[in-house]
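Based on these hints, arrange chains H and A on the given structure of chain E.
Residue numbers (this note's numbering), protein chains in the order written: chain E, 1 to 250; chain H, 1001 to 1419; chain A, 2001 to 2481.
Hints are computed from structural coordinates only; laboratory data are not their basis.
All of these numbers come straight from a predicted model, not from anything done at the bench.
Some clues are possibly wrong.
[Said to hold, decoys possible] Pairwise CB distance ranges (calculated):
1) A:Q2416 <-> H:S1035: 49 to 59 Å
2) H:S1035 <-> A:P2174: 25 to 35 Å
3) E:A26 <-> A:S2424: 40 to 50 Å
4) A:E2146 <-> H:D1359: 47 to 57 Å
5) E:V96 <-> A:E2205: 26 to 36 Å
6) A:T2063 <-> H:T1185: 28 to 38 Å
[Claimed, not checked] Dumping the calculated DMTMM-like pairs for lysine to aspartate or glutamate here, alpha-carbon to alpha-carbon at most 25 Å:
7) H:K1348 <-> H:E1361
8) E:K182 <-> E:E212
9) E:K14 <-> A:D2429
10) A:K2454 <-> E:E144
11) A:K2143 <-> A:D2228
12) E:K108 <-> E:E195
13) H:K1348 <-> A:E2420
14) A:K2068 <-> A:D2177
15) H:K1056 <-> H:E1081
16) H:K1030 <-> A:D2177
17) A:K2355 <-> H:D1359
18) E:K100 <-> A:D2428
19) A:K2352 <-> A:E2467
20) A:K2470 <-> A:E2418
21) H:K1030 <-> A:E2418
22) H:K1030 <-> H:D1318
23) E:K100 <-> E:E89
24) A:K2425 <-> H:E1081
25) E:K151 <-> A:D2228
26) A:K2398 <-> H:E1111
27) H:K1030 <-> A:E2156
28) A:K2398 <-> H:E1061
29) E:K194 <-> E:D177
30) A:K2160 <-> A:E2052
31) A:K2346 <-> H:D1028
32) E:K151 <-> A:E2052
33) H:K1320 <-> H:D1199
34) E:K165 <-> A:E2066
35) E:K108 <-> A:E2467
36) A:K2160 <-> A:E2066
37) H:K1320 <-> A:E2159
38) A:K2352 <-> A:D2324
39) E:K108 <-> A:D2443
40) E:K14 <-> H:E1017
Note that the Cβ used here is the ideal one computed from N, Cα and C, for glycine as well.
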Amino acid sequence: MLKIENLHASVDGKEILKGIDLEINAGEVHAIMGPNGSGKSTLSNVLAGRPGYDVTEGAVHYNDKNLLELSPEERAWEGIFLAFQYPVEIPGVNNVYLLKAGLNAIRKHRGESELDAMDFMSIIREKMKLVDMDESLVRRSVNEGFSGGEKKRNEIFQMAVLEPKLAILDETDSGLDIDALKVVAGGVNKLRSKERAIVMITHYQRLLDYIEPDAVHVLADGRIVKTGDKSLALELEKRGYDWVLEETRV
Amino acid sequence: MTQPIKMLRDAAWQVYEQTGLPTTRNEDWKYTDLSRLTAVLGETWWTPSHAADLDKETVEEQSIPELDAYRLIFINGRFQEDMPNLPEGVSVVPLSTLLVSDADKAAKALEMDEKTPLFNGAIAVNTAMASDGACICIADGVKLDKPLYLLHVATSGGASHIRHGIWMGRGATAHVIEHYVGNSTDAGLTHNVTLVHLDEAATLYHDRLQLEAEKQFHLGRVDVKQLRNSRFVSHSLALGAALSRVDIAVSLSGVNASCVLNGLYLIGGRQHADHHTRIDHASPDCTSQETYKGVLSGRAHAVFNGKVVVHEGADGTDAKQSNGNLLLSDHAEVDTKPELEIYADEVKCAHGATVGQLDLEQLFYLQSRGLDKTSAKNVLTFAFADDALTQMISAPVRRYLERAALKRLPQGDELQEMV
Amino acid sequence: MAKNTQVEALVKQEYEAGFVTDIEADTVPPGLNEDVIRLISAKKHEPEWMTEWRLAAYRHWLTMSEPKWAHVNYEPVDYQSISYYSAPKSNDDAPQSLDEVDPKLLETYKKLGIPLHEQAMLAGVAVDAVFDSVSVATTFKKKLAEAGVIFCPMSEAVEKHPDLVRQYLGSVVPTTDNFFASLNSAVFTDGSFVYIPKGVRCPMELSTYFRINASNTGQFERTLIIADEDSYVSYLEGCTAPMRDENQLHAAVVELVALENAQIKYATVQNWYPGDENGVGGIYNFVTKRGACRGKHSRISWTQVETGSAITWKYPSCILIGDDSVGEFYSVALTNNYQQADTGTKMVHIGKNTKSTIISKGISAGHGQQSYRGLVKVLKGAENARNYSQCDSLLLGKTCGAHTFPYIEVKNPTAQIEHEATTSKIGDDQLFYCMQRGISEEDAVSMIVNGFCKDVFAELPMEFAVEAGKLLAVSLEGAVG
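Pulled out of the complex, with its shape left as it was, chain E reads as follows (with noise of 0.2 Å):
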């Protein structure tokens, strides 16, 4: 589904990312771990199409199409979904009315019929239920007035409706207490399935726990250093990022 080849990025002319290769199937979860600043974020952001993040080298294919060739919403319409580390507040602009026109947008690219009021608020209420959410926070301005948690569990609700089928989960666990943690975890198992694809950013391994991870990778300084299987991501917990740079440095 997602093949990256050689992937060099850079913002404001600084060089992030140094060469990412990693390959993506459908039905897989991989977790992208990696010490503070080496370029988690900025994968993420490539793959999302964030303006100012600017490919020099490399390749990024996704269903056979050229992936960095496409602008944001497209990304979308062809089923890329990233949940925001921090999820943006757009005062005025209700949730529902966000999610429907993205919704049908999707649909419409797909050559779906796009779906009525009902349909859609029948919809909704399905994915709520999927996340525990709130009907008053579905019906507010986008994250205003959110919470650190319920913005999170904002980005898992509208990953639900949107039924991406690459979703990319940029640090969704940080600030989130134990419970809250839980319960959005819960949500994305439950989205989890043989068509999708979905790529855990995080900086700790106590999402994995939660979440039951395909494949470990560790990003350092730009570049994947190692790949495992769950098994990494405990080493990493007991042993620290430490080893494994000490380990990959030549």
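Leaving out everything else, chains H and A in the frame of chain E:
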């Protein structure tokens, strides 16, 4: 008088003859009627006051207590020969001396730009008539260890036309206090213009404390040019005078310059206090922050006008402004107008103005802790006013002002321990 | 904005077609003097007092000069080159069916979701000959008559209800009020008159739109609405589509009077021709609108969506005389290309416990210049007056301007006045967020702008709010990217 100075003076006087004093038909003077000035002082309101001596005791009485500073004393607008020993890199020359010894420098101190915002005929009179003042030069990189304290005492009627100039070199830092007081029982006029020039990365803390005697008129103006990375922190207070008007115009004309304009007017009786500020964001990435507070009792009338202009290309501007007013009596009046004029889009600008009463929840909280309602109100009123002083850097100055403020508040004596 | 050029082309075409042929007899030559005013008055069969009223206004106007304080720039208007009276357009001049109307204009109507027969009316098609609107209007009039509501052209009111007109006309906006109001008083040709009797809740939203001759009331429109004790009326002015209009200068006057316990809601959606993308042409919209809350517990709300006109100069105001009366002002103003708007409100608190709310949302794009100018005045006797003002500006682009000039004058210590203003632009992160969710940039901007205006749209009748939203999107076309 030397020839160039005479020409400058004559030209300025002509400007005054043509424009006269501003009237309430002038938008910037809509709420302040200077006919009150001419009614009391007459058409020749500008007639200079007489020189006077002041005994040491009175000077100490009028000074800010516990303030360790380089003090310059002006009696009725005239510098008293008592120049403190200044550190190296700091030069203070009285304008009266410069007028005789260095016409070029004196002309620079008397500069007047008719195109400057808020220009009016009174400024022209100041240029035509200013006879003294402090011309302060701080050399590059010099950080003044103590404040420069300019104490102005009016002892009789007549007008004092004072012109100060402050030139700060690159990276220089100083704190200048202009303090206006008086013990005259006659009506007179204090008329001051201060020119400030801040070179790159210079920092000036400027306190302008107006606590004139009750019949005095007071016209003041501070004109500030700021170059890149410079910082200007101003506190302007109006507690005295029958009628006062202070204009502060700041031009942020270098990248990353910043200014803080804070002020407090606390007046009663038939006092009238008008503050006009104008901040021109003429360069990118400049910051301005303004907080003015007003507390009015009796038949006092206060005017606040804060204008922020963000010029084309001044991207990265961050301008915040707020003006809060409390009316304590049925006959007090306030006119406030916070203005924004914006011609750039990468800006963060916000302003707010309030006229109102104390926060009822806070009031209840204090009452529930045992304060009677009146005391609780006074505590909150003081706290409201004091908010304008929190960024002052000199503790003795702040203490002096807080005591003066409390004296003017109902039951203020009981609250002295708050200071 | 190609469609506007098209509108202009259409307008010009009609103008030429209309005036060259048979108008001479019914058009007064350009220029203004007492004879012209007498002639206007005579043509409208007005009584003597009305003629004198106009003449007094005219004589005062002669002593006045055009106001210069607004933050707008324009070529001076030559008041002697305007023709102050022409008979209502004959239907022969208008397009006979929608087929004759410019397709670009129709496309805009379609975008706004305007029904077919309304499109025809807006495009100036001789509606009553083609569609069944007369019967609509008739049913409508019958229903109002049953309720005792008077809703008629101003000229008809002068004839049929002279006592009401004489009592209230000019009582809120005196003939000497300002330059444009005086001019209007001297030369107004028509407008709407509304009277809601005691205790009556007007059974429907009143709209100039329903009055067949409404789109031709001309450049000096005069509207007077009186809500008697315990009555209620909601009035909609204008329409949500580009108006067919060839007048350069519009100087309308609107007066509202609310007596005890009465409520008037007045909504305007103004989308006159704004000039082309180079700032050529467009309407000068210099309007005086004022309401007097005369009775206790009376309430006047102004809601406006201003997206048209080259220049807008307009301050719908409330004089809160009655105790416990309420004044409200909700405004969305959008300036694009070279449009200029200087708009806001005055809230004058005179009675006790009077309340006012001001919500102003300004959007500036292109070379648009926009000013909020407002006055909140609390007089000595206005115990417990309350005002809350919020003025937000949104800037789209580097060449536009947004300005705020709020005057606050308070003479009573029990007043509580709050004014807040912010200026912002659409955040890149907000745009990206929407785009990441699959929404195109233009739609995202329009969505965020609509969100920005939400508080004001909430005050509009439902169907108006929807169209106002669409109108913003159409007006913003070309402002993004």
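Right, here's what the structure says about each hint:
| no. | hint | verdict |
| --- | --- | --- |
| 1 | A:Q2416 <-> H:S1035: 49 to 59 Å | violated, 32 Å |
| 2 | H:S1035 <-> A:P2174: 25 to 35 Å | holds, 28 Å |
| 3 | E:A26 <-> A:S2424: 40 to 50 Å | holds, 42 Å |
| 4 | A:E2146 <-> H:D1359: 47 to 57 Å | holds, 52 Å |
| 5 | E:V96 <-> A:E2205: 26 to 36 Å | holds, 28 Å |
| 6 | A:T2063 <-> H:T1185: 28 to 38 Å | violated, 47 Å |
| 7 | H:K1348 <-> H:E1361 | violated, 31 Å |
| 8 | E:K182 <-> E:E212 | holds, 13 Å |
| 9 | E:K14 <-> A:D2429 | holds, 21 Å |
| 10 | A:K2454 <-> E:E144 | holds, 14 Å |
| 11 | A:K2143 <-> A:D2228 | holds, 19 Å |
| 12 | E:K108 <-> E:E195 | holds, 20 Å |
| 13 | H:K1348 <-> A:E2420 | holds, 14 Å |
| 14 | A:K2068 <-> A:D2177 | holds, 15 Å |
| 15 | H:K1056 <-> H:E1081 | holds, 13 Å |
| 16 | H:K1030 <-> A:D2177 | holds, 19 Å |
| 17 | A:K2355 <-> H:D1359 | holds, 19 Å |
| 18 | E:K100 <-> A:D2428 | holds, 22 Å |
| 19 | A:K2352 <-> A:E2467 | violated, 38 Å |
| 20 | A:K2470 <-> A:E2418 | violated, 32 Å |
| 21 | H:K1030 <-> A:E2418 | holds, 22 Å |
| 22 | H:K1030 <-> H:D1318 | violated, 29 Å |
| 23 | E:K100 <-> E:E89 | holds, 18 Å |
| 24 | A:K2425 <-> H:E1081 | violated, 57 Å |
| 25 | E:K151 <-> A:D2228 | violated, 51 Å |
| 26 | A:K2398 <-> H:E1111 | violated, 35 Å |
| 27 | H:K1030 <-> A:E2156 | violated, 43 Å |
| 28 | A:K2398 <-> H:E1061 | violated, 56 Å |
| 29 | E:K194 <-> E:D177 | violated, 29 Å |
| 30 | A:K2160 <-> A:E2052 | holds, 19 Å |
| 31 | A:K2346 <-> H:D1028 | holds, 20 Å |
| 32 | E:K151 <-> A:E2052 | violated, 68 Å |
| 33 | H:K1320 <-> H:D1199 | holds, 24 Å |
| 34 | E:K165 <-> A:E2066 | violated, 65 Å |
| 35 | E:K108 <-> A:E2467 | holds, 24 Å |
| 36 | A:K2160 <-> A:E2066 | violated, 35 Å |
| 37 | H:K1320 <-> A:E2159 | violated, 56 Å |
| 38 | A:K2352 <-> A:D2324 | holds, 6 Å |
| 39 | E:K108 <-> A:D2443 | holds, 15 Å |
| 40 | E:K14 <-> H:E1017 | violated, 63 Å |
In summary, the structure is inconsistent with hints 1, 6, 7, 19, 20, 22, 24, 25, 26, 27, 28, 29, 32, 34, 36, 37, 40 from the numbered list given earlier, while agreeing with the others.
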